[in-house]
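Spelled out, the chains give:
Protein chains: 2
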Amino acid sequence: MTQIYDKVALVGLGLIASSMFWGIKRAGLAGHVSGYARSPETRQTARDIGLCDTVCDTLGDAVQDADLVVLCVPVGAMDDVARDIAPFLKSNATVSDVGSVKRAVIDAVQPHMPPDVHFIPAHPLAGTEQSGPTSGFAELFDNRFCLIVPLENTDPAALHRLKKLWQGLGSMVETMDPDHHDLVLAVTSHTPHLIAYTMVGVADDLRRVTDSEVIKYSAAGFRDFTRIAASDPVMWRDVFLTNKDATLEILGRFTEELFALQRAIRTGDGQALHDYFTHTRAIRRGIIEAGQDTDAPNFGRAPKK
Amino acid sequence: MTQIYDKVALVGLGLIASSMFWGIKRAGLAGHVSGYARSPETRQTARDIGLCDTVCDTLGDAVQDADLVVLCVPVGAMDDVARDIAPFLKSNATVSDVGSVKRAVIDAVQPHMPPDVHFIPAHPLAGTEQSGPTSGFAELFDNRFCLIVPLENTDPAALHRLKKLWQGLGSMVETMDPDHHDLVLAVTSHTPHLIAYTMVGVADDLRRVTDSEVIKYSAAGFRDFTRIAASDPVMWRDVFLTNKDATLEILGRFTEELFALQRAIRTGDGQALHDYFTHTRAIRRGIIEAGQDTDAPNFGRAPKK
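Chains A and B are the protein sequences, given in the same order. Its first residue numbered 1, the first sequence is counted upward by one per residue in the numbering used here. Its first residue numbered 1, the second sequence is counted upward by one per residue in the numbering used here.
Check each hint, because a few of them may be wrong.
When chains are identical, the list treats them as one kind, so a pair holds in a single copy or across two.
[Said to hold, decoys possible] The calculated lysine to aspartate or glutamate pairs, modelled on DMTMM-like cross-linking and capped at a C-alpha distance of 25 Å, are: (1) 90 with 129; (2) 244 with 256; (3) 244 with 213; (4) 25 with 269; (5) 244 with 257; (6) 244 with 275; (7) 244 with 179; (8) 164 with 142; (9) 163 with 174; (10) 244 with 211; (11) 90 with 41; (12) 244 with 61.
Everything labelled a hint here was simulated from the structure, so no lab data went into it.
Next comes chain A alone, as it looks inside the complex:
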């Protein structure tokens, strides 16, 4: 039990904030955690399930006296929220976020920050396909990376403290430049999500294959796409709108590559297909060796022998 902050304020009470709360409680990382959500229903749910020590009805109440304020709202809402909390921030407080895009969040938040406040963007690489205040759990960040994106002139002590928080939540912390962050995430997350959404949309739209057939026979590969494509629509809309350039770049590469494979299918070039499919196996092995997935078959859906 190492308390790192006296008071932490969580703004927005979805999957990430609720998991942070349970994780903070698990490790005793903060003396008090306040929470705010824009929707009265979400605030009520939070109160019902004991999410946050205090659930506040206004942003000002939630963030005042907080040593750390974490913005856990969709990227598109960061600008407004940053503007609205600014007058209430304590001197020397740290403001951070958990957004999936970093350049756009910096552009939205930084101009509103008072000079005596430390703004340090962050992005925990963890999530599930579920959303909302009831979806969180303390273990979400265990053994996952959290990327912290310090700005020029970031106070080293404030940075160190934020790192300790994320380590206390179970994460492995690394720092990264914002533009490189956005490119890496376009590859590992944003483009895969767009592709999954697209494939699920195509399946739903076909006249000759019924939805019920798609659903029944999904275990053959498709269901893994539907999990990804079940994620929060608002969050993902904002990701694509705010990480436009990197996503479009990776999509361009993807389409180019897909056309090459499509051509191999059309011309019956089995050797090209076999070589491609063999090569991609190695990456999977790397991910398992890095501890970022299980090697139990089928994600552990299948029972072990």
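With chain A held as given, fit chain B onto it using these hints.
Chain B only, in chain A's frame:
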């Protein structure tokens, strides 16, 4: 314990055949199970782990006297195997298969079948990203669909018996026309696999994002693609070569749809993105309600509360 066949022969000893063997033993569905694999190493491994009651060194030994012969080889090998087993088949035997494509298997196998043999194609919709004789487990087919594709004039008694076998292995059995099967699988399996392979290939090929970054930060969505893209390369090469038309059709639809979403990103059309992403959530719910996946977050990787 309901024995359905006196002797079953499994030709090819990979994930599906080895799971069939353990499932047959679990439920006592056959008196004797023989097995054959082309590679001496695979046969030796099978003997070492007790896979099959008898592991035979020749195809003829494996299939002779068998009441049911199941071809568990890649689709591209079906033609040769069907030709080679034909002289040894018992009168009134059933020959079936587990190939992911049905029209091409029918075209490859049917011409070799003696008139007194029942050829009934089948396709269990189950698998993992692992392959080989040690990858099988008895529960693989539990609660999964098995699509049986009877030909014209299929003997009803032989069909009934094969259905009973798959039900005994835990599957829900349905029958389907071969061309419709190939289209449905192009949607639910073949195209998703090609897309996953492509995305993994793109990630591996980028100069500005290192492989180690891709691997470390894969939990953000990408790792689900790598699981799919780790499947057996020979099997998938043959799938795309033999289900060319349906795969190319669905790929064409996919590309069309992807371009529409890409355009929405480029033009900043947040409403179009949001609507699309909201719609795809419903399909996920259908799959969970149909019992074809778990609603535990993250495929059950995350601990339950």
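Tested hints:
Taking the shortest Cα distances, residue 90 and residue 129 never come within 25 Å of each other, neither inside one copy (35 Å) nor across copies (52 Å). When the C-alpha separation of residue 244 and residue 256 is checked against a cutoff of 25 Å, the pair qualifies both within a copy, at 18 Å, and between copies, at 19 Å. Taking identical chains as interchangeable, the C-alpha atoms of residue 244 and residue 213 lie at most 25 Å apart only when they sit on different chains, with a minimum of 21 Å there against 34 Å within one chain. Proximity of residue 25 and residue 269 under a CA criterion of 25 Å is satisfied in neither setting, with 57 Å inside one chain copy and 40 Å between copies.
For the identical chains of this complex, residue 244 and residue 257 are neighbours both inside a copy (20 Å) and across copies (18 Å), given an alpha-carbon limit of 25 Å. In the homo-oligomer, the alpha carbons of residue 244 and residue 275 lie at most 25 Å apart only across protomers (18 Å), although the nearest pairing inside one protomer, at 32 Å, exceeds that limit. Taking CA atoms no more than 25 Å apart as the test, residue 244 paired with residue 179 passes inside one copy only; the shortest distance there is 12 Å, against 40 Å between copies. When the C-alpha separation of residue 164 and residue 142 is checked against a cutoff of 25 Å, the pair qualifies only within one copy, where the shortest distance is 14 Å, while the shortest distance between copies is 45 Å.
In this homomeric assembly, residue 163 and residue 174 come within 25 Å of each other (Cα to Cα) only inside a single copy, at 9 Å, whereas the closest approach across copies is 54 Å. When the C-alpha separation of residue 244 and residue 211 is checked against a cutoff of 25 Å, the pair qualifies only between copies, where the shortest distance is 23 Å, while the shortest distance within a copy is 31 Å. For the identical chains of this complex, residue 90 and residue 41 are neighbours neither inside a copy (28 Å) nor across copies (69 Å), given an alpha-carbon limit of 25 Å. For a Cα distance limit of 25 Å, the shortest separation of residue 244 from residue 61 qualifies neither inside one copy, at 35 Å, nor across copies, at 61 Å.
Hints 1, 4, 11 and 12 from the earlier list are contradicted by this structure; the remaining hints agree with it.
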